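Assemble chain B onto chain A, guided by the hints.
First to last, the protein sequences are chains A and B. So for the first sequence, our numbering puts the first residue at 22; every next one is plus one. So for the second sequence, our numbering puts the first residue at 780; every next one is plus one.
None of these hints come from the bench; they were simulated from the model. These numbers were taken from a predicted model, which means no experiment stands behind them. Among these hints, one or two may not hold up.
As the list claims (entries may be wrong) - For lysine-lysine, the following DSS-like pairs were computed, each having C-alpha atoms within a straight-line distance of at most 25 angstroms:
no. : chain 1 : residue 1 : chain 2 : residue 2
1   : A       : K107      : B       : K882
2   : A       : K168      : B       : K847
3   : A       : K141      : A       : K24
4   : A       : K24       : A       : K66
5   : A       : K168      : A       : K56
6   : A       : K164      : B       : K847
7   : B       : K1094     : B       : K1108
8   : B       : K1086     : B       : K1147
9   : B       : K803      : B       : K825
10  : B       : K1108     : A       : K170
11  : A       : K56       : A       : K149
12  : A       : K141      : B       : K847
13  : B       : K882      : B       : K847
14  : A       : K33       : A       : K56
15  : A       : K24       : B       : K882
16  : A       : K149      : B       : K882
17  : A       : K101      : B       : K882
18  : A       : K101      : B       : K1108
19  : B       : K1029     : B       : K847
20  : B       : K1086     : B       : K1108
21  : A       : K164      : B       : K1086
22  : A       : K141      : A       : K164
23  : A       : K107      : A       : K66
24  : B       : K847      : A       : K107
25  : B       : K1094     : B       : K882
26  : B       : K1108     : B       : K1147
27  : A       : K66       : A       : K56
28  : A       : K33       : A       : K66
29  : A       : K56       : A       : K24
30  : A       : K149      : B       : K825
31  : A       : K107      : A       : K141
32  : B       : K1093     : B       : K1108
33  : A       : K101      : A       : K164
34  : A       : K168      : A       : K141
35  : A       : K170      : A       : K141
36  : B       : K882      : B       : K1147
37  : B       : K1029     : A       : K66
38  : A       : K66       : A       : K170
39  : A       : K107      : A       : K170
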Amino acid sequence: MSKFPEHIAIEKAHPTAVLDWHERFGDRTMIVEAKQIVEIVRILKDAFGYDMLVDLTCVDYLPRRPRFEMVYHFLNVESKTRLRVKAQLEESNARIPTLTGLYPIADWFEREVWDLFGIKFEGHTNLKRIMLYEEFEGHPLRKDYPKTKRQPLMGPQN
Amino acid sequence: MPELDALSEIKAAVPPDEPEFQQKEMLLNIGPAHPAMHGIIRIMTKLEGELVVESEVEIGYLHRAFEKSCEESTWNQAIIYTDRLNYVSSPINNVGYCMAVEKLLGLELPPRGQYIRTLLCEIARISDHLTCVGASAMELGGFTVFLYMIKGREYLWELIEEYCGARVTTMTTRVGGMPYDLPEGWLDKCLWVVKEIREILNECDILLTNNRIFVERMENIAIMPAERAIAWGWTGPCLRGSGVAYDVRKDFPYLVYDQLDWEVPVGRRGDNLDRYLVRMAEMEQSCRIIEQCVARIPGGPVSCDNKRVVLPDKKDTYGNIEGLMNHFKLIMYGHGIRVPEGEVYFPVEGGNGELGFYIVSHPDEHSKDGCNDRAWRVRCRPPCFTTVASLQEMINGYMVADIVPTFGSINMIGGELDR
Chain A
22 MSKFPEHIAI EKAHPTAVLD WHERFGDRTM IVEAKQIVEI VRILKDAFGY DMLVDLTCVD
82 YLPRRPRFEM VYHFLNVESK TRLRVKAQLE ESNARIPTLT GLYPIADWFE REVWDLFGIK
142 FEGHTNLKRI MLYEEFEGHP LRKDYPKTKR QPLMGPQN
Chain B
780 MPELDALSEI KAAVPPDEPE FQQKEMLLNI GPAHPAMHGI IRIMTKLEGE LVVESEVEIG
840 YLHRAFEKSC EESTWNQAII YTDRLNYVSS PINNVGYCMA VEKLLGLELP PRGQYIRTLL
900 CEIARISDHL TCVGASAMEL GGFTVFLYMI KGREYLWELI EEYCGARVTT MTTRVGGMPY
960 DLPEGWLDKC LWVVKEIREI LNECDILLTN NRIFVERMEN IAIMPAERAI AWGWTGPCLR
1020 GSGVAYDVRK DFPYLVYDQL DWEVPVGRRG DNLDRYLVRM AEMEQSCRII EQCVARIPGG
1080 PVSCDNKRVV LPDKKDTYGN IEGLMNHFKL IMYGHGIRVP EGEVYFPVEG GNGELGFYIV
1140 SHPDEHSKDG CNDRAWRVRC RPPCFTTVAS LQEMINGYMV ADIVPTFGSI NMIGGELDR
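Here chain A stands alone, though its shape is the one from the complex (with noise of 0.2 angstroms):
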């Protein structure tokens, strides 16, 4: 299939930053080296108006490699145009640079991401827990977390 406009801007300032590039169900995607996330967001908030990050998530795809997909939902609210973006992390490697920068929302998403999968943000000032206690161990949204594992009792023990 013919490329999106985003992909060949995208490839004409990083030629190998775009690995894979697909529309499925109607949505389109776009799969990108984790390493140059940052600057292939910037063109697409900058030359396309990208200006919303409505959601940014993980799937965790064990027990195949890479394991990890990071998940990217752009939104530009004046033309009303989607855009998915996925890079795929390595587990030895669950690493990927912050766009905090960029969007101030995604704070708190990659909050969410550390606290449910464990993987990195890389200039992050601020990486703890969100959802669960910092105590907590593990990423109980890891397909390989045990379900019945039980975590230690925080708080007063009589």
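Quick look at chain B alone, frame taken from chain A:
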């Protein structure tokens, strides 16, 4: 009086214009459970006098592992978990989740089913806004308004109850359709309820919009400019209060919204008052939508006729072997609805804004046909997550007393925020 003597001694010891004594900052925790809050959330504030100079918001007190639970249950079983997301307007959550799965399956409902869903969504939206505005008014002293609005919500929940048997935990949709047709006389009752709601809105409008105390406590408080609101990922009535006319129902139409005649109200300043006014105007628009749906609803089936997705009629299940087998195949573990590999994002307009479901179907090691009977991942994009994330920016620089109306105006729902 010994205490008073001690106080005057301290006062005498400190010179009146001592800068350190004057500039003392105070830490104040509001929450996690506070009588003026609509849920469990903790706001840590640093005060200078009554002014909030710094604050931090902490959430997660209601985390129920919604996304993990959805991975453990079949496609239809997960609908019941979506009820508890925004528990004031559960039908919208049900519809959002089901339509995401239907998008993955490539199904489309017959017109009657779509109209019923639209009706339920708008009933839920009015009840959501009534709760939000009513509670905010009560926190500012308008208890009458709260009672009037809860009376209106009662009528709406009776309608929902008459349709599906439950008021809050509705579970009113299924993948591929609706579980049952409308009861007799339901549509007429809808029109009666709309009439009542309009009356209540009129009364409350007189009580609030002309009330000096209410208006002065809402106007020019917690202003969020449009650009900033977009950067924070705001959607729904809050974003529209800041003047951006973005509504999922208009811009990415689903169900029958594009066939109906209604408008998107927007504010100008992006303060608390605008968010309140937008909600009031939106309820009127929802009333219009309900009336048009009642007038136009066609006959016919309410579910699509795909036997691999929709359960057979009860009379077939109990009456003939085909129906019984069909029922078994859909209920048994490892059979059920088989959704092909893929991923979709489907947004609907929830009570608070864009409620999106990102659903991944991925075959596991037991799958023989490349399909899965349960979701690999269900991600709910909660609309109030983004507004609560920006709460600290909204309350910094205002008074402690402004926290309550500001918090009321963004309509945080714990079930949806923490999931």
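Broken hints, by number: Hints 3, 5, 10, 16, 18, 19, 21, 25, 33, 38, 39 are the ones this structure does not satisfy, whereas the remaining hints hold.
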